[in-house]
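Asker: Respectively, the protein sequence lines represent chains L and G.
Residues 18 to 494 in the working numbering are what the first sequence spells out, letter by letter.
Residues 67 to 149 in the working numbering are what the second sequence spells out, letter by letter.
Treat the hints with caution; some may be incorrect.
[What the hints assert, rightly or not] No more than 25 Å apart at the CA atoms, straight line, and that leaves these computed lysine-lysine pairs for BS3-like:
hint, chain 1, residue 1, chain 2, residue 2
1, L, 57, G, 122
2, L, 268, G, 124
3, L, 94, L, 74
4, G, 103, L, 268
5, L, 171, L, 218
6, L, 451, G, 122
[Unchecked claim] Simulated DEER-style distance windows between Cβ atoms:
hint, chain 1, residue 1, chain 2, residue 2, range
7, L, 250, G, 92, 57 to 67 Å
8, L, 50, G, 92, 13 to 23 Å
9, L, 382, G, 92, 54 to 64 Å
10, G, 132, L, 242, 53 to 63 Å
11, L, 91, G, 132, 47 to 57 Å
12, L, 237, G, 132, 47 to 57 Å
13, G, 109, L, 64, 36 to 46 Å
14, G, 132, L, 244, 57 to 67 Å
15, G, 109, L, 129, 46 to 56 Å
16, L, 38, G, 109, 28 to 38 Å
For the record, the hints were derived by calculation from the structure and aren't laboratory data.
Every residue gets a Cβ at the ideal spot worked out from N, C-alpha and C, and that includes glycine.
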Amino acid sequence: MLKKLMITTAIATASFGATMSDLESRVEALEFAGYENWWKFSGNLEYRFDNVEREYKKGYTSSTFSGTSTTRTAGEKSETKHHRIYSELDIEAKPSDKLSFYGRLSAAKYMNTLNKGGGDYTADGSFNELSEGQGQGNSAVFLERAFVNYNMTKNLTLSIGRLPTIDGSPKHFSEGRPMMGQYPLLAFGGIFDGVALTYAKQMGDSLFKLRGIYTPFNQRNLDSLTDKLTSGSNKLDESVDVYSAMLEFEKVNMSWAKRVHFIYQYLYFNGLSAIPTSTSYAHIAAVGTDLTKITVTSDAELGAQRHVLYLEANGIAHTGFSAAFSYLKGKTMNTGNIAQCLDSRANGFGTCDSTVNVGTWYGKNANDSKGNAWIANVNYQFSMLNSATIGFEYMDSDKNAFLYDSSSKNLVGEYTSRGGSSMHVYWIQPVDNKFKIRVGYQTAETKATNSFGGYLGETLDINNKSTAYYSSLQFSF
Amino acid sequence: MRLSNVLVILGLTLASTGAFAGPKDDFVDAVVKQCGKSQGDAEAMATPGRSGNVIKFKTCSSATIDIDGCTLQCKDASSSIGG
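Please work from the sequences and hints to get the whole structure.
Answerer: Below, the structure is given as structure tokens:
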């Protein structure tokens, strides 16, 4: 009996030892996989269809630097359909407790555009798009964001890179997403490269953040990298300093709301010379029917000073009701002049036959132009219908407000309707937590523009009304 | 031998728990702060696995997510400068 017991114990011990050894190696492998796998990928893909109508209630003529002009007659209408794809591939890496990296590769495109209608895009050739990524063509991948956060101390974080400044609040309201970009939309709707230092302090349910950001605008001579650009007779510095300061406050679980988020931002730059010397050729009726050489020279400079407030409250009265308000107090500082030298072939392309002084930013003459704008948002998320959301957005702006939104998914110019107002009604219907359907209706009335490119030269009183309805299928993965 | 194995596995388990504690801690912290639940209740809600609540919160791409009657605000760390 004792002998049997000893044998059984020996077998059990050997078996347990082997099992433990096997478990040990498996746990080691799991642990190593956890350490090794500090990269994470996620993304978003959207198919969006827009039907856009535009009515020009007042006639006007706008011009381009290449000598062409577009005349709109009062009562002119157009209707266009747009099928577009937006894709985002997000990358996150946390190789250590102190360092994190965030990147986004993105593409926004029309579906299968075979006739590109004369824009710059025609440089790609009509059918290249059908083989991009497969043929030896030009298929660009855009790095929308790429930045690191380095925790210098528990409260202080250094951020460097292509920062997530675009698509800021309140754009996430109508997208049914968390905050999509750091700069409130009215501050500047663009992607800025730069350096930021954030001080964050959590106090109970409240989070305070103070942030300084430096994002220089480059004005660089790409023809000769070691030479400076010139503006008139002056040599330009390579960069224009763009400074911004932000104050953020966030608090959760209050008696009247589940969360509030407040942002104040100040942004300033001055002396940006963004118009390069250029030469083009066109037949201009005003100079005769002969070919005319048009040379554009500029010493026009743009400056901007912006104060922006943003306040968002979610789960008001502990219901599905959320609201936000954004306010911009803005000023642009505009100097210099843009000159178009018109030189016809008949005169031998030598001296200017005539010179057109276009003016400067936001006007014919140097000016300090003040303009404010505001946006109000309300959303209601139902507790039924798979947490569907209905929302409304309204914006109003002054004629001289400097409004910039370079990511215009919306085609009515909802956030850039100078001197007028815009509104947006939408429904967000989640199918599940990875797929949602959105439908919406937008209108925008623009009452002011400038004769060159919308921002330069004489200010024109216009009355353009745009309306659109859209549908969107959005998948996250 | 057995004791050392047990100690090694215990050590590895604790280390693994530490390595994966981030998302669970974030979830528990959010539930406590945003829904006023107790630490114990929040930990009970932190179910693991591919279809568990922790991963639902971690990968949330909507503005909010409802988990067992608690509505949590989702966050996208890549859209914030400084985290």
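Asker: Hint by hint, where does the structure go against what was stated? Just the numbers, ascending.
Answerer: none
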